[in-house]
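Chemist: Here are the chains, one letter per residue:
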Amino acid sequence: MYKVVYNKKISSNSYEMLVEAPLVVEKCMPGQFVIVMAKEDSERIPLTIYDYDREKGLLWLIYQVIGASTEELTTVQQKIFSVSGPLGNANEICKDPDAYKGKRICYVAGGVGIAPVYPQVKYLQEHGFNVDVIYGSRSADLLLIRDKVEKVVSKIRYATDDGSFGTKGFVTDILASNIEDYDIVVAIGPVIMMKNVVELTKKYNIPTIVSMNPLMVDGSGMCGACRCEIDGKPKFACIHGPEFDGFKVNFDLALKRMSIYKEEEQEKWELMKKRLQGGKNHE
Amino acid sequence: MNDSKVKGRLQDADVRVTNFEEVEFGYNDEEALQEASRCLQCVNPRCMKGCPVNIMIPEFIKGIKEGDLKKAYEVISRSSSLPAVCGRVCPQEKQCESMCVKGIKGEAISIGSLERYVADQAIINQFNSVVPAEKVGKKVAIVGSGPAGLTCAGDLAKAGYDVTIYEVLHKAGGVLTYGIPEFRLPKSIVQKEVDSLKKLGVEIKCDVPIGNALTIADLQQQYDAVFLGTGAGLPKFMGIPGEDANQVFSANEVLTRINLMGGYQEEAKTPIKKGKTAYVIGGGNVAMDAVRSLKRLGVDAHIMYRRSLEELPARKMEVEHAVDEGIVFDILKNPVEILTDDKNNVVGMKVVNMILGEAGEDGRRGVTEDPDSLHTVDCDMVIMALGTSPNHGALKDSDIALSDKGLIVVEGTKTSLDSVFAGGDAVTGAATVILAMEAGKKAAKEIMESLS
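Chains B and A supply the protein sequences, listed in that same order.
The first sequence runs 1 to 283 under the working numbering.
The second sequence runs 1 to 452 under the working numbering.
Because the hints were derived from the structure by calculation, they are not lab data.
Quick caveat, the model's predicted, so the values are computed rather than measured.
It cannot be assumed that every hint is accurate.
Derived DMTMM-like pairs (lysine to aspartate or glutamate); straight-line CA-CA distance at most 25 angstroms [stated by the list, open to error]:
hint: 1; chain 1: B; residue 1: 262; chain 2: A; residue 2: 243
hint: 2; chain 1: A; residue 1: 205; chain 2: B; residue 2: 40
hint: 3; chain 1: B; residue 1: 262; chain 2: A; residue 2: 218
hint: 4; chain 1: A; residue 1: 343; chain 2: B; residue 2: 252
hint: 5; chain 1: B; residue 1: 203; chain 2: B; residue 2: 92
hint: 6; chain 1: B; residue 1: 168; chain 2: B; residue 2: 180
hint: 7; chain 1: A; residue 1: 192; chain 2: B; residue 2: 126
hint: 8; chain 1: B; residue 1: 27; chain 2: A; residue 2: 267
Residues from chain A that keep clear of chain B, each with C-beta distances beyond 10 angstroms, as calculated [what the hints assert, rightly or not]:
hint: 9; residue: 8
hint: 10; residue: 69
hint: 11; residue: 164
hint: 12; residue: 246
hint: 13; residue: 261
hint: 14; residue: 267
hint: 15; residue: 268
Have a look at the derived ranges for each label pair, beta carbon to beta carbon [to be verified]:
hint: 16; chain 1: B; residue 1: 255; chain 2: A; residue 2: 359; range: 45 to 51 angstroms
hint: 17; chain 1: B; residue 1: 96; chain 2: A; residue 2: 402; range: 22 to 28 angstroms
hint: 18; chain 1: B; residue 1: 267; chain 2: A; residue 2: 363; range: 45 to 51 angstroms
hint: 19; chain 1: B; residue 1: 96; chain 2: A; residue 2: 324; range: 38 to 44 angstroms
hint: 20; chain 1: A; residue 1: 343; chain 2: B; residue 2: 231; range: 37 to 43 angstroms
hint: 21; chain 1: B; residue 1: 75; chain 2: A; residue 2: 347; range: 35 to 41 angstroms
hint: 22; chain 1: B; residue 1: 97; chain 2: A; residue 2: 358; range: 38 to 44 angstroms
hint: 23; chain 1: A; residue 1: 137; chain 2: B; residue 2: 258; range: 21 to 27 angstroms
hint: 24; chain 1: A; residue 1: 405; chain 2: B; residue 2: 146; range: 39 to 45 angstroms
hint: 25; chain 1: A; residue 1: 378; chain 2: B; residue 2: 267; range: 48 to 54 angstroms
hint: 26; chain 1: B; residue 1: 199; chain 2: A; residue 2: 298; range: 24 to 30 angstroms
Yeah, the Cβ is synthetic: ideal placement off N, Cα and C, and Gly gets one too.
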């Protein structure tokens with residue numbers, strides 16, 4: 001059991017949770033993730049490490065409600081059953097900032113993808129980098145943690161599908177018109193966004209790192225549920241990733257593999273809604 | 001005198017394929033007593049030579065004969081930290097029972113069933129295992145809470161060492177928890193065995209990925225010795241076209257969803273795929289566990305194996321149980337491609353027949369493809385149970401010596417790193433629970449020697 005300081009709604013479909021997890025944050029690095037379980041019988045959910053305070057042993061998480069298990073996570077108060085991590089590998093640039101000195105870096109985030117982007121940009125700022133961010137979502141109300149991000153970036157540009165904030169359009173539109181300004185791109189967000197970013201950067205041969213977020217169970221390399229095709233070979237996002245060279249990722253396959261449990265997940269969601277409803281009505 | 005063993009009672013095959021309850025009921029008092037009295041109490045017991053952890057077999061059987069189950073349990077727990085597990089999953093027919101004198105002319109004593117009986121009685125009657133020795137003031141870290149780690153921890157704790165186990169998952173037990181299914185090894189039994197280790201003073205820290213949260217170097221600094229029992233590793237895939245289809249899973253994934261996450265229960269929160277027809281590729285114990293689990297979920301479940309029934313590496317008893325349960329064995333066949341629709345869903349497999357050749361150097365008969373036999377089978381799930389390749393997650397940032405195959409190199413159980421020991425599948429590649437326990441036991445002994 002881990003102490004939960006708060007678990008609050010930060011947009012129409014997203015929550016921020018602050019947890020005491022000293023062993024997780026003692027050595028964690030931007031790019032790594034944790035697996036959380038609301039209760040002992042809950043599903044294991046991989047979530048990005050979005051912020052951390054090593055001295056106080058605090059870990060910040062952001063998650064979007066997309067199904068039964070994330071819905072259940074919103075009901076967590078005071079205690080959470082399991083927080084396992086840090087898992088996966090650190091972001092390559094953060095791991096060795098000196099190797100990237102002088103490079104012009106642009107982060108592209110989509111939706112809740114800002115959560116993994118924030119700690120990287122913050123870390124790089126602390127190490128003397130001026131990093132730009134392009135951040136997009138469907139509409140203004142779904143843009144998260146803007147205040148925090150704006151403090152650590154050199155320049156941030158927004159895009160919304162409906163034009164309610166920033167440029168009307170996609171992050172790739174903004175990236176396309178500024179592509180000459182960058183030597184490296186890091187894209188984290190929905191698979192389709194990362195695919196589109198890579199299609200663009202490939203044309204200009206700008207190295208691009210992406211962070212894969214496939215289905216996952218154990219998170220330690222034991223089950224292979226999270227395998228992605230990288231350079232024609234299966235790699236496990238949990239221990240070989242989650243970040244990969246975007247030019248080598250088979251995004252179309254990743255898109256298809258996300259729907260493996262679609263029907264089962266729908267059933268579980270119906271079940272969870274009933275369960276949570278039942279709890280409220282004491283029926 | 002009738003010299004056959006007392007047969008263990010089983011759930012009827014047509015009933016048990018509808019549930020996940022244990023297949024074997026285990027001996028009752030009367031059956032255990034009857035079987036125990038068949039034991040000749042040899043002065044030079046051959047059976048013990050077949051036991052990797054050297055249980056004083058005649059002595060514990062004597063305890064049953066004399067109605068002193070507490071003594072019987074004490075005898076077993078001196079040598080084994082997981083008797084209720086071993087009694088169920090050890091391949092006794094290849095070990096202790098294969099050496100039993102009784103087996104020469106008749107049937108060997110059912111040592112495994114008797115061990116299970118004693119261990120279960122100990123749980124029911126809450127017998128304590130041996131009392132730990134006085135504290136020696138030395139700390140040992142154990143990485144991984146599978147059979148190797150638990151055994152090593154048990155022996156060290158009994159000898160008075162302070163033991164901390166680090167486990168990356170949320171529950172202890174390793175393969176006993178995520179891998180072996182409920183109908184072969186109830187999870188409540190595993191939990192009881194883990195609890196009895198805790199009673200010995202063993203601390204278990206779950207959720208900790210060694211390599212990331214703490215490195216081996218950190219553990220070397222904080223503890224007097226370290227034992228690595230990190231297990232077999234990454235599930236292997238065949239490398240054939242279509243293997244990334246949506247319903248191609250590793251046996252580990254299927255078993256983890258079912259066992260660790262309780263996916264077989266209707267109310268489980270972790271989903272599990274239930275296709276109409278599933279092919280499990282492989283012939284080991286993991287393949288049997290996966291195929292029998294799927295059968296219980298209502299799937300028409302097949303084994304596809306490239307050699308013949310005689311070469312199946314799985315335990316004979318598990319194969320027999322699988323056959324009784326209606327598992328179809330498609331032998332001397334191998335998939336060469338997995339067929340999918342435009343949504344990446346599995347719709348079938350292209351399969352070739354295999355021809356058995358002569359035995360190779362390792363004693364196993366080789367196989368070659370029959371090129372004219374290419375045909376297709378319909379299915380909507382394919383499970384790969386092909387073994388594993390090493391996982392170096394826990395070894396991150398260490399320069400521990402590895403073999404060409406990527407396994408940890410040991411001398412005895414000692415690794416190339418100072419005060420770091422290793423054993424089990426991480427050293428041998430995928431093997432059995434009891435061999436991992438043997439390694440854990442050996443490591444505990446060597447750790448004690450090195451620290452004394």
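Chemist: All the hints need checking, so say for each whether the structure fits it.
Modeler: Evaluation of the provided hints:
1. 262(B) - 243(A): holds (19 angstroms)
2. 205(A) - 40(B): Between residue 205(A) and residue 40(B) the Cα gap is close to 15 angstroms, so the pair holds against 25 angstroms.
3. 262(B) - 218(A): violated (42 angstroms)
4. 343(A) - 252(B): The given pair, whose Cα atoms are some 11 angstroms apart, holds under the 25 angstroms limit.
5. 203(B) - 92(B): At roughly 22 angstroms apart (the allowed maximum being 25 angstroms), residue 92(B) and residue 203(B) satisfy the hint.
6. 168(B) - 180(B): holds (21 angstroms)
7. 192(A) - 126(B): The given pair, whose Cα atoms are some 49 angstroms apart, is violated under the 25 angstroms limit.
8. 27(B) - 267(A): Answer violated: residue 27(B) to residue 267(A) is near 37 angstroms, above 25 angstroms.
9. 8: holds (32 angstroms)
10. 69: holds (33 angstroms)
11. 164: holds (12 angstroms)
12. 246: About 5 angstroms separates residue 246(A) from the closest Cβ of chain B, which leaves it inside 10 angstroms; violated.
13. 261: Incorrect as stated: the minimum Cβ-Cβ distance to chain B is 7 angstroms, not above 10 angstroms.
14. 267: violated (7 angstroms)
15. 268: The claim breaks: residue 268(A) does not keep its Cβ more than 10 angstroms from every Cβ of chain B (closest is about 7 angstroms).
16. 255(B) - 359(A): 45 to 51 angstroms: Cβ of residue 255(B) to Cβ of residue 359(A): about 47 angstroms, so the range 45 to 51 angstroms holds.
17. 96(B) - 402(A): 22 to 28 angstroms: For residue 402(A) against residue 96(B), whose Cβ atoms are near 24 angstroms apart, the range 22 to 28 angstroms holds.
18. 267(B) - 363(A): 45 to 51 angstroms: Holds - the Cβ-Cβ distance for residue 267(B) and residue 363(A), about 48 angstroms, lies within 45 to 51 angstroms.
19. 96(B) - 324(A): 38 to 44 angstroms: violated (58 angstroms)
20. 343(A) - 231(B): 37 to 43 angstroms: violated (24 angstroms)
21. 75(B) - 347(A): 35 to 41 angstroms: This hint holds: roughly 40 angstroms between Cβ atoms.
22. 97(B) - 358(A): 38 to 44 angstroms: With Cβ atoms ~59 angstroms apart, the hint is violated.
23. 137(A) - 258(B): 21 to 27 angstroms: violated (53 angstroms)
24. 405(A) - 146(B): 39 to 45 angstroms: violated (51 angstroms)
25. 378(A) - 267(B): 48 to 54 angstroms: violated (25 angstroms)
26. 199(B) - 298(A): 24 to 30 angstroms: With Cβ atoms ~43 angstroms apart, the hint is violated.
Taken one by one, the earlier hints fail for this structure at numbers 3, 7, 8, 12, 13, 14, 15, 19, 20, 22, 23, 24, 25 and 26, listed in ascending order.
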